[in-house]
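Going line by line, the protein sequences match chains F and X. Heads up: the first sequence begins at 1 in the numbering used here, then just goes up one per residue. Heads up: the second sequence begins at 1001 in the numbering used here, then just goes up one per residue.
Hints are computed from structural coordinates only; laboratory data are not their basis. Honestly, I wouldn't trust all of these hints.
As the list claims (entries may be wrong) - With a straight-line Cα cutoff of 30 Å, these simulated BS3-like cross-link-like pairs (lysine-lysine) come out:
| hint | chain 1 | residue 1 | chain 2 | residue 2 |
| --- | --- | --- | --- | --- |
| 1 | F | LYS49 | X | LYS1220 |
| 2 | F | LYS37 | F | LYS213 |
| 3 | F | LYS37 | X | LYS1142 |
| 4 | X | LYS1220 | F | LYS133 |
| 5 | F | LYS49 | X | LYS1142 |
As the list claims (entries may be wrong) - Selected chain X positions facing chain F (Cβ under 7 Å, derived; list incomplete):
| hint | residue |
| --- | --- |
| 6 | HIS1054 |
| 7 | GLN1057 |
| 8 | LEU1269 |
| 9 | SER1340 |
| 10 | HIS1371 |
Stated by the list, open to error - If you want the ones that stay clear, here's a sample from chain F, every Cβ over 10 Å from chain X, calculated:
| hint | residue |
| --- | --- |
| 11 | LYS47 |
| 12 | LYS85 |
| 13 | GLU129 |
Owing to the predicted nature of the structure, the values given are computational and were not obtained by experimental measurement. Ideal Cβ placement from N, Cα and C applies to all residues, glycine included.
One-letter residues, chain by chain:
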Amino acid sequence: MNKYSFLAIIALSMSFFACKDQRLEEGPVADFTLTFKALYDGAQLEKSKEYPYNINNYPLVFTLFRSYISDITLVTDNDKEVKLKDVIDVNFFPTFASTNLSATPTFTFSGVPEGNYKAIKFGLGVNPESNGKSPNAFPAESPLSSEIEYWQGWASYIFTKIEAVGDADNNGLSDHWMIYHTGSDPVYRTITLTQPITVAANGQPGTISFDLKKLFVNPDGTPYDMEASPATSSSLTDLRVALFVVDAFSQATSFNQ
Amino acid sequence: MRNNIKSKIAVLILMTVVCISACDKMNPEPPVVVGDLENIPYLPQVYTIKKPAHFPQMPIPADNPMTSDGVQLGRRLFYDNILSADGTMSCASCHLPQGSFTDNKPVSVGIDGIAGRRSAMSLLNIGYIRPEIGLFWDGRAKTLEEQALLPVEDPIEMHSTWPNVMEKLKADPTYPTLFRKAFGISSRAQMTKELAAKAIAQFERIIVSSGSSKYDEFLKTRDFMVFDDEELDGYTMFFEAQVETGITNLPDAQCFHCHGALTMTSGNLYFNNGLDAVPTLNNFTDKGLFEVTSKEGDQGKFRSPNLRNIAKSAPYMHDGRFQTLEQVVENYALKGKGVSNEDPLLNQVGLNAINNTLTAYHKSALIKFLHTLTDTQVINNPDLQSPF
Chain F
1 MNKYSFLAII
11 ALSMSFFACK
21 DQRLEEGPVA
31 DFTLTFKALY
41 DGAQLEKSKE
51 YPYNINNYPL
61 VFTLFRSYIS
71 DITLVTDNDK
81 EVKLKDVIDV
91 NFFPTFASTN
101 LSATPTFTFS
111 GVPEGNYKAI
121 KFGLGVNPES
131 NGKSPNAFPA
141 ESPLSSEIEY
151 WQGWASYIFT
161 KIEAVGDADN
171 NGLSDHWMIY
181 HTGSDPVYRT
191 ITLTQPITVA
201 ANGQPGTISF
211 DLKKLFVNPD
221 GTPYDMEASP
231 ATSSSLTDLR
241 VALFVVDAFS
251 QATSFNQ
Chain X
1001 MRNNIKSKIA
1011 VLILMTVVCI
1021 SACDKMNPEP
1031 PVVVGDLENI
1041 PYLPQVYTIK
1051 KPAHFPQMPI
1061 PADNPMTSDG
1071 VQLGRRLFYD
1081 NILSADGTMS
1091 CASCHLPQGS
1101 FTDNKPVSVG
1111 IDGIAGRRSA
1121 MSLLNIGYIR
1131 PEIGLFWDGR
1141 AKTLEEQALL
1151 PVEDPIEMHS
1161 TWPNVMEKLK
1171 ADPTYPTLFR
1181 KAFGISSRAQ
1191 MTKELAAKAI
1201 AQFERIIVSS
1211 GSSKYDEFLK
1221 TRDFMVFDDE
1231 ELDGYTMFFE
1241 AQVETGITNL
1251 PDAQCFHCHG
1261 ALTMTSGNLY
1271 FNNGLDAVPT
1281 LNNFTDKGLF
1291 EVTSKEGDQG
1301 KFRSPNLRNI
1311 AKSAPYMHDG
1321 RFQTLEQVVE
1331 NYALKGKGVS
1341 NEDPLLNQVG
1351 LNAINNTLTA
1361 YHKSALIKFL
1371 HTLTDTQVIN
1381 NPDLQSPF
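Isolated chain F, as found in the complex:
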């Protein structure tokens, strides 16, 4: 055996052990399932159901609730991040749902390292990098390729939509409308939910819930006056209502497993 053959064998052996070490470090992986729920006062939100408006108690019906959720990431105890997905479209009121109960969109992410995590975080909306592109920049299977949620006038995706109608005089006809559509980079928010999370083979799924009753509450705990601010502005220079909505999401969002 000449010295070159000997070196080649050593090199091959080292690469074999290096691969083995890497595999050990990566450890086993599993599927992790995440469900999104829309709630109102802790109960599953229903389409066409009348809820008491938060100030005057007249009937309020939610008609639309959907949101882009970006960069879903698990965080380990030593702050290592494991990204589960770039972006998903979470629609709680799909047109062809079989019931009026809000849908519970469920996503399963494969190849997630098994173990314990201390938090889950995600972006509410579309992160600025992706939001800077238009739908033709994404492959057809991406939710961002669908131009129907792209706001051309603002060069932005429509991040979140919540719509409701109210009937203040209780005569069966709508007389109040609430339209909260958010979009543009300044209203992109990252929400971090700190709670022990375990990923394991055949492990428990996680659930992220948005409670709309908790959403329309001012920071001081008083009800947000939806009647006074019934719609997000159509001006990029006036994001007051949109900023309230996206900032309030952190108090309306919870995770459990």
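Could you slot chain X onto chain F? The hints should help.
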């Protein structure tokens, strides 16, 4: 003696050969079934949809990839009266290129002279409608493949049956070859309604804007000078683009919420767009989406249509009640009728105008903008015309 032995050996060999041959005849191999179309070459070529660069990628179902032969078969079927019971009507009867793939009638009329309930929807850019949105005014078909099956057997449309249509197609001198080339089937027996629908769907997916409208010129260049002043004002109100255009003294017309950005198809899907002042939801004459979902709140809701080439596809609304764009815009300026399931954005039409009301100029500017969506190239595209 030696010759005698040779003769015996020769006889033995001969007998053996005869026995083997006999055995073959007693236990014959099963006959190879040669399909009646197998001699026709099957050489599928991927068909790439010609779309403007600024349009998004079209989702194509994995079980119906686009091929040149599939598109050609679909085109022929689309224009062929063979699909109707009496041979007088085709898909194109209600979806003519010159009407931007509508028939320009308030409601379509079938082979028996019976008028349908609804106006034919434009097929322009129909391939962009995703299954979760649905097709027809009420979403009763999820995919183009599903949709293509329905008019043939509808008693107020083609009033035929698929078994009848397939018999005619199998007996036709041309179609078996085209099915073979499109789908690689080996015999006429394998020609099915599902394959016919797939082919029609492939053709419908190529009905895509040419990108030559004035609006597309703007999208390509982002140069507001493409528009005249009134068109630009219309654009600004349509898309709430006050910040983008710098024209801040115009109201919001709220149009884009239901008529998305590029293909101008459907934003929030199905709406009660404020046409009828019914006392209760049960009073809608045409219950629309409710007929599919059975949900109380879906009564009187219809899918928002594609506005591309809207000036070419009159009349308007699901029942063709409006003859002109002026009537359409006038209706939206009324902000609905207050019916409980009306879309909340109707109430916001004209937001920021004096008294939150669109003026005559605002309405005129919106209509001028709608005319910038006119795309005559797609209407005249030779790939989309009748092959007959």
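query = Which earlier hints turn out false for this structure, listed by number in ascending order?
reply = 1, 10, 11
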